[in-house]
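**Q** Letter by letter, the chains look like this.
2 protein chains.
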Amino acid sequence: MVDAAVRPTKSPTVEATSPAIDVPLVNDLLLGTWADIRRQAREMLKDSAFWRQDGLGMDEHRERVLSQLHLLVENKAVHRAFPKSLGGEEDNGGNISGFEELVVADPSLQIKSGVQWGLFGSAVLQLGTAEHHEKWLPGIMDLSIPGAFAMTEIGHGSDVAAVGTTATYDPETEEFVIHTPFRGATKEYLGNAGLHGVAATVFAQLITNGVNHGVHCFYVPLRGDDGVDLPGIGREDDGLKGGLNGIDNGRLSFDHVRIPRTNLLNKYGDVAADGTYTSAIDSPGRRFFTMLGTLVQGRVSLDGAASWASALGLHIAITYATQRRQFDGVDGHEVVLMDYGKHQRRLLPRLATTYAQIFAHDEFLQKFDGVFSGRTDTPADREDLETLAAALKPLSTWHALDTLQEAREACGGAGFMFENRLVGLRADLDIYVTFEGDNNVLLQLVGKRLLGDYAKQFTGKDAASLAKFAVGMTAGKLFHGAGLRQFGQSVADFGQVSRSVENGLREEQQHELLAERVQQMIADVAGRLRPGAKDKELGARLFNENQAELIEAARAHGELLQWEAFTDAVHRVDDAQTKAVLTWLRDLFGLQLIEKHLAWHLMNGRLSMQRAQAVSSYIDRLCARLRPHALDLVAAFGYEPEHVRAPIASGAEQARQDEARAYYADLAASGDAPIPEKALREAKKR
Amino acid sequence: MVDAAVRPTKSPTVEATSPAIDVPLVNDLLLGTWADIRRQAREMLKDSAFWRQDGLGMDEHRERVLSQLHLLVENKAVHRAFPKSLGGEEDNGGNISGFEELVVADPSLQIKSGVQWGLFGSAVLQLGTAEHHEKWLPGIMDLSIPGAFAMTEIGHGSDVAAVGTTATYDPETEEFVIHTPFRGATKEYLGNAGLHGVAATVFAQLITNGVNHGVHCFYVPLRGDDGVDLPGIGREDDGLKGGLNGIDNGRLSFDHVRIPRTNLLNKYGDVAADGTYTSAIDSPGRRFFTMLGTLVQGRVSLDGAASWASALGLHIAITYATQRRQFDGVDGHEVVLMDYGKHQRRLLPRLATTYAQIFAHDEFLQKFDGVFSGRTDTPADREDLETLAAALKPLSTWHALDTLQEAREACGGAGFMFENRLVGLRADLDIYVTFEGDNNVLLQLVGKRLLGDYAKQFTGKDAASLAKFAVGMTAGKLFHGAGLRQFGQSVADFGQVSRSVENGLREEQQHELLAERVQQMIADVAGRLRPGAKDKELGARLFNENQAELIEAARAHGELLQWEAFTDAVHRVDDAQTKAVLTWLRDLFGLQLIEKHLAWHLMNGRLSMQRAQAVSSYIDRLCARLRPHALDLVAAFGYEPEHVRAPIASGAEQARQDEARAYYADLAASGDAPIPEKALREAKKR
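Chains as they are written, first to last, in the numbering used here: chain F, 3 to 688; chain P, 3 to 688.
Each hint should be verified, as a subset may be incorrect.
Where chains are identical, the list cannot tell them apart; a pair therefore holds if satisfied intra-copy or between any two copies.
Stated by the list, open to error - With a cut-off of at most 25 Å between alpha-carbon atoms, the simulated DSS-like pairs for lysine-lysine come out as follows:
#: 1; residue 1: Lys536; residue 2: Lys450
#: 2; residue 1: Lys538; residue 2: Lys269
#: 3; residue 1: Lys269; residue 2: Lys86
#: 4; residue 1: Lys86; residue 2: Lys450
#: 5; residue 1: Lys48; residue 2: Lys686
#: 6; residue 1: Lys450; residue 2: Lys48
#: 7; residue 1: Lys137; residue 2: Lys536
#: 8; residue 1: Lys48; residue 2: Lys687
#: 9; residue 1: Lys137; residue 2: Lys78
#: 10; residue 1: Lys450; residue 2: Lys369
#: 11; residue 1: Lys369; residue 2: Lys536
#: 12; residue 1: Lys458; residue 2: Lys686
#: 13; residue 1: Lys536; residue 2: Lys458
#: 14; residue 1: Lys48; residue 2: Lys536
#: 15; residue 1: Lys86; residue 2: Lys369
#: 16; residue 1: Lys450; residue 2: Lys538
#: 17; residue 1: Lys78; residue 2: Lys48
#: 18; residue 1: Lys538; residue 2: Lys137
#: 19; residue 1: Lys680; residue 2: Lys536
#: 20; residue 1: Lys686; residue 2: Lys137
#: 21; residue 1: Lys680; residue 2: Lys538
#: 22; residue 1: Lys269; residue 2: Lys48
#: 23; residue 1: Lys86; residue 2: Lys680
Hints were generated in silico from the structure; no laboratory data involved.
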């Protein structure tokens with residue numbers, strides 16, 4: 003059967019001759035822009051001092067991770083983003099790249115480093131000014147000042163603007179009074195707050211001269227030199243969590259704690275000695291979002307770490323699946339798990355998604371680096387970066403949980419053994435889906451941004467403006483500026499029986515289906531919200547009724563971004579065989595997205611029944627075609643035994659299987675093998 | 003809008019007046035046939051001695067659970083299934099009911115009890131004969147003989163028939179020699195094998211006089227009275243697992259371990275002193291499945307325990323969602339999470355599914371009790387029971403993981419705190435999806451059974467036999483014998499624009515859609531397998547290509563069973579208001595199933611585009627309608643504070659929210675509230 007969607011354009015015979023991917027080439031592609039730093043980090047992490055020790059209790063695990071943080075300082079692994087004047091490198095993209103790699107050593111190590119240098123340190127760096135940098139950054143960098151990032155409160159997670167903690171200026175003493183006015187305003191879930199933190203960057207409502215200027219960040223010492231908490235500081239340990247127990251999360255409350263006026267991190271807003279407030283940003287709303295925007299790197303790094311954790315999980319599960327055997331095949335020998343259709347269906351689409359995420363992440367990281375280096379730092383760039391973060395982080399973190407779980411189940415009981423990594427990684431990454439922005443809340447932000455773009459571009463309801471919007475809406479807008487993909491095929495073209503079913507699912511059609519779905523869903527939601535434009539109460543009700551679909555549209559947008567990044571990566575490959583296999587993998591990614599949303603495509607007339615029915619069997623064929631490349635595709639992640647550390651992926655299973663097969667072969671050869679009763683009965687019948 | 007599907011038939015005004023459910027009545031309905039025993043178990047579990055202590059390390063946790071097992075003995079909580087002659091009650095359904103309830107105390111306690119009395123003890127009871135019962139059951143019952151159930155091997159989990167362990171009869175000494183011939187034949191993941199077990203029921207290939215009679219079960223002492231492992235016994239500790247760390251799982255291997263001939267549990271096959279093998283069951287295959295079939299209760303109890311764990315998770319998340327507030331609403335006050343459309347969409351369909359599962363489980367338990375009591379114990383009943391177990395256990399155990407995860411995410415960071423139960427329950431239940439039968443393998447068994455039924459009933463390809471099959475295929479066959487639901491509406495009837503869209507999604511249509519989907523999928527798979535009927539290699543390839551869809555068809559069968567059980571339960575309710583609300587909940591269950599498979603229904607012409615588009619908005623409306631009843635519906639699970647034990651569901655959040663609101667109200671009343679900068683700027687503009 004001619005299979006246009008997966009046939010490489012230049013070499014039609016490649017398919018038949020079973021191409022092989024160039025593993026080092028794909029590894030380069032996956033490691034991306036900061037490949038050198040990633041390799042350097044992985045080399046460092048071969049030292050077992052960085053590895054998680056499974057048997058440690060919470061207390062010992064916390065101390066081990068703290069000591070590992072000191073090791074990171076010694077290895078100069080965590081200062082890349084800091085100012086050159088203080089020994090840093092001002093390399094934002096490289097910093098995040100190296101940081102993400104820590105996830106394979108121990109996610110607790112990754113996140114505790116993130117708290118110290120990515121949140122606490124970044125708050126001082128990004129929200130503070132020169133005096134603050136000189137005073138505190140050296141101690142933050144060398145870990146002599148472990149600190150907490152005190153933003154979230156028990157009563158306010160996603161809605162940071164509404165935190166209850168107050169910072170009231172007292173001109174008499176030129177101090178701010180930091181105060182927790184009710185229990186719900188207690189700062190909560192803060193890494194380093196349970197135990198190790200000696201200072202915190204605290205987000206509080208800045209009040210001076212009777213005016214609340216909104217949330218600002220303050221540097222608050224927690225402990226004196228004697229190691230005892232300062233007066234007014236309340237500290238509670240969060241105790242055991244579902245994962246990340248190498249981190250001492252805790253609560254902080256403040257009972258009229260006084261700090262010097264100059265402890266306000268005053269880059270975006272300042273208070274003079276007499277209590278006069280000034281800010282270069284007039285709008286309190288924009289000022290707030292600018293401040294929060296400087297902290298986007300948390301989301302950037304979670305997107306990368308989650309994607310690489312998925313890769314590690316698939317490395318383990320796919321390796322095991324090519325060695326473990328279960329149930330006899332036609333030839334009387336037991337079949338390896340990876341040869342079962344269902345097993346391929348479980349693991350290979352997730353492998354394709356992981357590739358897509360890693361490619362999308364690198365583009366995301368480039369965007370981040372552009373903004374934070376100042377090279378491409380406009381308000382529009384920052385807004386795009388925020389949207390990108392809010393679209394990608396939810397998808398990759400959910401994917402990590404889904405993939406690690408499927409990997410664990412695909413390994414059966416062995417997957418449940420802690421030593422095989424999957425359950426531990428999953429437990430640790432669980433919180434990634436709700437911290438640094440709850441995934442659903444982030445996707446809602448994306449949805450609102452898409453609605454905003456829609457409203458801007460689509461003023462009349464005529465076909466011309468709709469078409470203009472359709473172009474503007476592609477994810478490419480964010481990645482590629484004006485250089486958008488455009489496709490001649492119109493919606494009406496679909497569903498024609500005269501075109502072969504397969505032709506309808508090529509690269510161009512995949513993009514069209516994915517892009518138009520975003521556009522149509524946003525247009526649909528916008529249309530349903532319109533009656534509420536001038537009636538606040540009706541507007542709120544309508545928004546609530548459409549909330550789930552808006553979030554789904556945002557997810558579709560993120561999926562489109564990932565698909566485009568994967569496709570761009572494939573286009574960069576010159577090696578024909580590698581390109582062929584990666585094209586199959588990209589097709590698998592695209593088609594499983596289309597399959598997931600098949601009902602939508604049918605109900606919106608985007609796919610004919612024939613084409614829709616072809617999607618699933620196409621996926622099955624792609625899985626079968628990718629099966630021989632599965633090991634190469636996980637090898638391209640580049641993980642070495644010191645990173646994997648899972649006995650089931652070490653070759654032990656292969657050795658056991660070989661031993662069992664040799665035993666039965668020897669037994670048969672010896673002539674001593676017992677006769678199966680069934681065979682005896684059949685022989686007697688004859 | 004007239005909403006026929008959810009309008010109660012007798013009282014059309016009920017909808018408008020917001021009915022209230024009769025909570026005790028629904029509680030009775032949910033607790034089911036053995037409600038008294040469940041209540042008795044829950045009363046017992048109010049004693050904190052049975053509760054999990056989160057902070058315990060693995061070793062302490064194991065000892066605590068062992069001590070809790072002794073407490074269960076003291077409370078006479080675990081002997082209901084054993085013979086009356088030995089102090090039991092021969093009450094199989096009651097036994098499982100009480101056992102399942104242990105999950106809310108600590109899943110480790112549930113599963114370790116299951117190992118001791120449900121697997122190890124059951125093997126002796128079900129596979130042994132009077133002598134064995136008298137000799138070992140008293141010690142097993144009073145826990146003086148803790149034991150392991152040694153079936154699974156490293157190399158053979160689901161494929162039990164292929165285990166490598168051998169039991170070779172030596173007529174010279176009248177002993178069996180138990181032996182592990184290669185590492186892959188090591189018994190693995192066995193509860194009680196790591197530490198506490200002093201004996202094991204070991205499954206091994208019975209070889210006598212040079213013939214292998216297949217897998218049989220042997221009672222093998224592991225330790226002498228001195229507490230030291232006997233010669234030839236190899237024991238390894240599995241160490242830390244993803245959950246259930248209160249259980250000492252481990253490995254056992256046997257180096258030519260000799261046991262008396264009479265240690266063969268010989269109910270279904272025996273070896274005489276001279277080595278002659280005899281069995282009442284001629285066919286080795288049927289004999290094997292009969293032996294395994296006696297051990298079905300593991301699956302029964304996992305189905306129940308998983309359903310009740312889901313209920314507990316929803317109790318916690320829904321309680322929290324009605325107290326926690328986030329983001330301001332139109333009235334300026336913060337909105338409780340449960341009032342968000344997306345939050346309802348996340349929790350309420352899962353609540354509906356949990357209800358369906360609990361109702362289906364009770365019917366399943368009745369079937370089990372009928373077979374094991376001997377009341378309805380025919381080979382056909384046993385086969386139906388096996389199929390039921392294989393269909394329901396996968397769905398409910400996966401649902402538990404999905405629900406506990408969604409519940410945890412819906413509680414944000416608070417959900418990740420161990421004290422709030424959700425992460426611990428999820429980690430413990432993780433293994434439920436692959437033990438006692440891997441879920442995918444079980445569903446494949448169901449699929450094969452459905453294919454078998456199809457082949458039996460559908461000999462010609464004419465419409466009459468197809469219709470006959472359509473009737474035979476409903477899940478009701480298993481539950482209701484010949485008393486099947488039949489519906490006049492034909493497939494052709496669907497898609498008519500003249501019928502209102504709503505009318506197309508009533509109870510009858512839900513059943514028709516769900517039932518016909520099973521039938522059609524099986525027919526489709528059967529058709530695609532047909533060319534391989536006489537060609538073994540082609541047959542294997544075709545089966546593999548259709549494996550994923552066959553498993554999906556089996557899942558659809560299980561969903562139908564659950565839907566029917568829910569519907570039967572609703573029909574048993576007399577109270578009109580309760581019936582109305584439960585009907586909405588059942589509709590929500592049915593419609594979310596249809597939504598999940600919407601593409602299939604569209605591609606197979608079962609739903610018109612109009613009706614398909616109505617499904618999602620229908621679900622949204624049902625969620626909104628059920629929102630006011632959410633707390634009542636979780637209250638009906640009947641969990642008390644001693645069972646819930648999650649601080650976030652204790653009312654603490656409500657107290658915090660009330661305190662915060664009072665603080666702001668007082669501040670506003672005092673006239674001292676700081677003026678928001680934004681308000682000041684707007685005032686200046688005027």
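**Q** Take the hints in turn and mark each one as holding or not.
**A** Results for each hint:
For a Cα distance limit of 25 Å, the shortest separation of Lys536 from Lys450 inside one copy, 17 Å, qualifies, whereas the shortest one across copies, 59 Å, does not. Proximity of Lys538 and Lys269 under a CA criterion of 25 Å is satisfied in neither setting, with 36 Å inside one chain copy and 75 Å between copies. In this assembly of identical chains, the alpha carbons of Lys269 and Lys86 lie at most 25 Å apart only when taken from the same copy (19 Å versus 80 Å across copies). Neither within a single protomer nor between protomers do Lys86 and Lys450 lie at most 25 Å apart by alpha-carbon distance, with minima of 38 Å and 67 Å respectively.
Proximity of Lys48 to Lys686 under the C-alpha cut-off of 25 Å is found in neither arrangement, the shortest distances being 62 Å within a copy and 62 Å between copies. Taking CA atoms no more than 25 Å apart as the test, Lys450 paired with Lys48 passes in neither setting, with 44 Å inside one copy and 48 Å between copies. For the homomeric pair Lys137 and Lys536, neither the shortest alpha-carbon distance inside one copy (51 Å) nor that between copies (82 Å) is at most 25 Å. Taking the closest pair of Cα atoms, Lys48 and Lys687 never come within 25 Å of each other, the shortest separation being 63 Å inside a single copy and 62 Å across copies.
With identical chains, the CA atoms of Lys137 and Lys78 are at most 25 Å apart within one copy only, with a shortest distance of 20 Å there and 68 Å across copies. In the homo-oligomer, the alpha carbons of Lys450 and Lys369 lie at most 25 Å apart inside one protomer (21 Å), although the nearest pairing across protomers, at 52 Å, exceeds that limit. Taking identical chains as interchangeable, the C-alpha atoms of Lys369 and Lys536 are never at most 25 Å apart, the minima being 37 Å within one chain and 59 Å between chains. Taking CA atoms no more than 25 Å apart as the test, Lys458 paired with Lys686 passes in neither setting, with 85 Å inside one copy and 29 Å between copies.
Proximity of Lys536 and Lys458 under a CA criterion of 25 Å is satisfied intra-copy only: 17 Å inside one chain copy versus 64 Å between copies. Taking identical chains as interchangeable, the C-alpha atoms of Lys48 and Lys536 are never at most 25 Å apart, the minima being 61 Å within one chain and 54 Å between chains. In this homomeric assembly, Lys86 and Lys369 come within 25 Å of each other (Cα to Cα) only inside a single copy, at 22 Å, whereas the closest approach across copies is 74 Å. Only within a single protomer do Lys450 and Lys538 lie at most 25 Å apart by alpha-carbon distance; the minimum there is 16 Å, versus 57 Å between protomers.
Within a single copy, Lys78 and Lys48 get their C-alpha atoms as close as 16 Å, which meets the 25 Å cut-off; across copies the closest is 54 Å, which misses it. Taking the closest pair of Cα atoms, Lys538 and Lys137 never come within 25 Å of each other, the shortest separation being 48 Å inside a single copy and 77 Å across copies. In this homomeric assembly, Lys680 and Lys536 come within 25 Å of each other (Cα to Cα) only across copies, at 22 Å, whereas the closest approach inside a single copy is 80 Å. Within a single copy, Lys686 and Lys137 get their C-alpha atoms no closer than 93 Å, and across copies no closer than 39 Å, so neither meets the 25 Å cut-off.
Within a single copy, Lys680 and Lys538 get their C-alpha atoms only as close as 77 Å, which misses the 25 Å cut-off; across copies the closest is 20 Å, which meets it. In this assembly of identical chains, Lys269 and Lys48 lie within 25 Å of each other by CA distance neither inside one copy nor across copies; the values are 40 Å within and 56 Å between. When the C-alpha separation of Lys86 and Lys680 is checked against a cutoff of 25 Å, the pair qualifies neither within a copy, at 78 Å, nor between copies, at 38 Å.
Checked against the numbered hints given earlier, this structure breaks hints 2, 4, 5, 6, 7, 8, 11, 12, 14, 18, 20, 22 and 23; the rest are met.
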